[in-house]
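Colleague: With the hints as your guide, set chain B onto chain A.
Residue numbers (numbering that gives the first Met the number 0), protein chains in the order written: chain A, 0 to 470; chain B, 0 to 470.
Think of the hints as simulated: they come from the structure by calculation, not from any bench. From the three backbone atoms N, C-alpha and C, an ideal C-beta is built for every residue, glycine too. Just to be clear, a hint being listed does not mean it is correct.
[Unchecked claim] Just some of the chain A residues that point at chain B, by a computed CB distance under 8 Å:
| id | residue |
| --- | --- |
| 1 | R114 |
| 2 | A116 |
| 3 | R119 |
| 4 | R201 |
| 5 | S202 |
| 6 | E225 |
| 7 | M228 |
| 8 | M229 |
| 9 | F233 |
| 10 | G285 |
| 11 | S425 |
| 12 | G427 |
| 13 | D431 |
[Stated by the list, open to error] Pulled from the structure, derived: some chain B residues nowhere near chain A, Cβ distances all over 10 Å:
| id | residue |
| --- | --- |
| 14 | Q27 |
| 15 | G35 |
| 16 | A44 |
| 17 | M97 |
| 18 | N132 |
| 19 | Q149 |
| 20 | S212 |
| 21 | S247 |
| 22 | P269 |
| 23 | P392 |
2 protein chains.
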Amino acid sequence: MTVSRPSSTLAFLALLATAAPFPLPAQQPTIAAAYGDAAGRIYRAATGDSLAYTRLGLLVDTFGHRLSGSPSLEAAIDWILSEMSKDGLEKVRGEPVMVPRWVRGAESAVMVQPRSAPLRMLGLGGSVATPKNGITAPVLVVTSFDELAQRAAEAKGKIVLFDAPFSDYIVSRRIRTDGPSAAARAGALACLIRSIASVSIRSPHTGMLVYDSTVAKIPAAALSVEDAMMLHRFQDRGERVVVTLRMSANTHSDVPSRNVVAELVGREKPDEVVVLGGHIDSWDVGQGAMDDGGGSVAAWEAVHLLQRLGLRPRRTVRVVLWTNEENGGAGGRAYRDRHASELPSHVLAMESDNGAFNPKGYIFMGSDAAAGLVKEVAALLDSAGISGVQRVPESPAADITPLVALGIPGMELDNDGSRYFWYHHSDGDTLDKIDPKDLARCVAAMAVMAYVVADLPDPLPHTSSTAASGS
Amino acid sequence: MTVSRPSSTLAFLALLATAAPFPLPAQQPTIAAAYGDAAGRIYRAATGDSLAYTRLGLLVDTFGHRLSGSPSLEAAIDWILSEMSKDGLEKVRGEPVMVPRWVRGAESAVMVQPRSAPLRMLGLGGSVATPKNGITAPVLVVTSFDELAQRAAEAKGKIVLFDAPFSDYIVSRRIRTDGPSAAARAGALACLIRSIASVSIRSPHTGMLVYDSTVAKIPAAALSVEDAMMLHRFQDRGERVVVTLRMSANTHSDVPSRNVVAELVGREKPDEVVVLGGHIDSWDVGQGAMDDGGGSVAAWEAVHLLQRLGLRPRRTVRVVLWTNEENGGAGGRAYRDRHASELPSHVLAMESDNGAFNPKGYIFMGSDAAAGLVKEVAALLDSAGISGVQRVPESPAADITPLVALGIPGMELDNDGSRYFWYHHSDGDTLDKIDPKDLARCVAAMAVMAYVVADLPDPLPHTSSTAASGS
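Okay, chain A solo, but in the shape it has when bound (with noise of 0.2 Å):
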């Protein structure tokens, strides 16, 4: 596929009659007469070879999973940051972050009532350990914080068990993050939850817990969804269950991390930068291709092919490998402290965080004004099939939720999400969940983005920090 603008005079029209409510001075050229062609150039280069898969299996071949205060992480950081510098990118550097180190260890769960079975799971990030030969005590199962609330008298000295179904990922998450202290605060030895998935093949699915501080800190993990219903099933019988939790989890000091910083120094306005990146950490199982070696790789290569193609526009393009997304968000914070004087000429932030899949537009956070434009810029990919702008109220990716706090514009990719939570935060996050086209078309969208916006007359205008703190 490649991408071609209308030129007829009819098309030209019809784009004019779409481009309010901020259509450009009369004597500017429209968007996609200044950048049809460069978009063109960009998509068809991005899609032209498979180097940006090429880069993503050795990255996660080579080392693996990254979860902070790893060694693996750190090999891989260095690796990107010589990578980079080969590449010609500007200004390569690690930009020093503190980051909690979180250490799994040894880890299982067994039903021993009614029949003795070993269960799927994953202890959950941050979670405690159990005593040395684990917890053993009958299951509550419950499907919400409600019903917790309504059975908590028989919580007490029980392992508590949320078995919900995955429906939207924000109330999933919740159980996840908060279910453990709820828990502990009806008296719960440890809590359980089911895995978030919506396909499971017996795949546990980790994530972060958030403990309460004004409560027991109590071990947790996730179950996989067959476990999960299992056990609830027995209970529905009128069955006892019983199980083991063993977990040797560990919480050690934080210890120093980077986040990947690189740039393609604008060639007028280099204070003025528009920010695209991922988060080179993951998650300590699979491969973290897809969560989120994808979008960190689309990002890099992002700008590696505006530079490869000469294209260097008026602002600066940096982009930004954050670290520790996934257990802490430090690196996002540490961007932000580290970059204050420099924000209010940030003119854009964009992160890849929905799985390298395939792109159908960008998800954007912004005022109005801003928002036209962006419309205006992702038009230039209308052949390709990546136009759409979805206008969301909060900040849609975590690592610029910092940013986007100050007023920044945020954006995501919009990818395909259909087969996201099938392997996120497991095991099955590899290289293979990866389409190579997929994966070029993530540049593309990135590159075409991030060039024009840091190309155009002037700056996407910021919300006002009140608005966007509101979010």
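Modeller: Relative to the frame of chain A, chain B by itself:
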């Protein structure tokens, strides 16, 4: 959905027109006229409750997986025999069968070069063990028997990995069954195969291997698709891959098991028999819910349903839950041998071993004459969408193969197979993969076919043994 039959003259004429080439004699009513009401009653009753699903849940949750030779298989058989008697089925018995006893034991595979990482694996059924400290050797990845033959000189002293993408089960299965001995013939120390799976969340899939007695038996295991692809990528990049495989699998002496048999004795021709069944054994992973708890319960409940509805056909309807389908086929052979004298009076052998997913019809092997009648019976469920009859040149299911080879018409449910190889022989073969409505429709499909074929004025004709043995 309910089943209704067309009653207008026009529909009747249309039916006559399509009933060729084997219309019943003019004085007999058509199958549609004679059995339309009964088929409707059966379909409505089968789909009017979730008895079959409840029973399947009890079976797989209470006993778990049921590998030949395991205590759980025999406990499940004891329970089924007891339940069948309580159901009021007739001549309930376990017919003795000696079965293999292969015990997996502890096992693991670890990549030790180019970096250290655990691999997800399942030993193949029947594999020998490795030495206690495992086998540590470089890996040679091939994609086919042909490539192994071409690179045989490189295989000596290595672990051969077959990384063949899944397309056709017959092709992929041959790599699983014959790959280990082919690798041994080339001097390999062990054999790995890429799991046979159409979707993977790093879930290995086991299955039977077949050693060639003329070469050394080497240990063999299935890697997850993801791991096989990763090792292949390392090889493609020119990196040396070394793996340590540890398996403590053990083949013990054969032990007693049983085929579960129960009947609804025919009211006129009790010695003529329609057999329908599934296999009660499973692999030693997951719950064996799809393969083949669902088929077993569908057949059992089909006969139970006829009994509950008071539909006693002319001939005997016999449910058989074969043992040892997965790793030997001893149950199917034992049934043939024990019932040898009755087999000339067996009119149909039907098995459900396609996962108890939504049935769309039947797969059939038999003569044109038999197929003509079977199509008329299948048409009774036309309005329920279960009317297709797909003819095949070979036995459509493993346990009935010894019967089909003798000329007995053979049949299997033709179910939606789109997800079968997501879960097949893996830890993901659990109750939640079966939809209660689909299972109820499988019950209906088996019950209608069994009832009508057992009640027709004349038996389905056998094929000649010569024709069948050529399949």
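Colleague: Each hint should be assessed against the structure and marked as holding or not.
Modeller: Each hint, compared with the structure:
1. R114: holds, 7 Å
2. A116: For A116 (chain A), the interface hint holds, since the closest Cβ of chain B sits about 6 Å away, which is under 8 Å.
3. R119: Holds, because the Cβ-Cβ distance from R119 (chain A) to chain B comes to roughly 7 Å (cut-off 8 Å).
4. R201: Since chain B brings a Cβ to about 4 Å from R201 (chain A), closer than 8 Å, the hint holds.
5. S202: At 4 Å from the nearest chain B Cβ, S202 (chain A) passes the 8 Å test, so the hint holds.
6. E225: holds, 4 Å
7. M228: Hint holds; M228 (chain A) Cβ to chain B Cβ min 5 Å, cut 8 Å.
8. M229: holds, 6 Å
9. F233: Hint holds; F233 (chain A) Cβ to chain B Cβ min 7 Å, cut 8 Å.
10. G285: holds, 7 Å
11. S425: With a minimum Cβ separation of about 6 Å from chain B (threshold 8 Å), the hint on S425 (chain A) holds.
12. G427: Where the cut-off is 8 Å and the nearest Cβ of chain B is about 3 Å from G427 (chain A), the hint holds.
13. D431: This interface hint holds because 5 Å falls under the 8 Å limit.
14. Q27: holds, 49 Å
15. G35: Non-interface label on G35 (chain B) holds, nearest chain A Cβ at 38 Å vs cutoff 10 Å.
16. A44: Its Cβ never comes within 10 Å of chain A, the nearest being 24 Å, so this holds.
17. M97: At about 26 Å from chain A, M97 (chain B) clears the 10 Å cut-off, so the statement holds.
18. N132: holds, 21 Å
19. Q149: Given that every Cβ of chain A is farther than 10 Å from that of Q149 (chain B), nearest at about 25 Å, it holds.
20. S212: Non-interface label stands for S212 (chain B): nearest chain A Cβ at 35 Å, farther than 10 Å.
21. S247: holds, 17 Å
22. P269: With a cut-off of 10 Å, P269 (chain B) remains clear of chain A, as the shortest Cβ separation is near 38 Å.
23. P392: holds, 33 Å
Violated hints are absent here; each numbered hint is respected by the structure.
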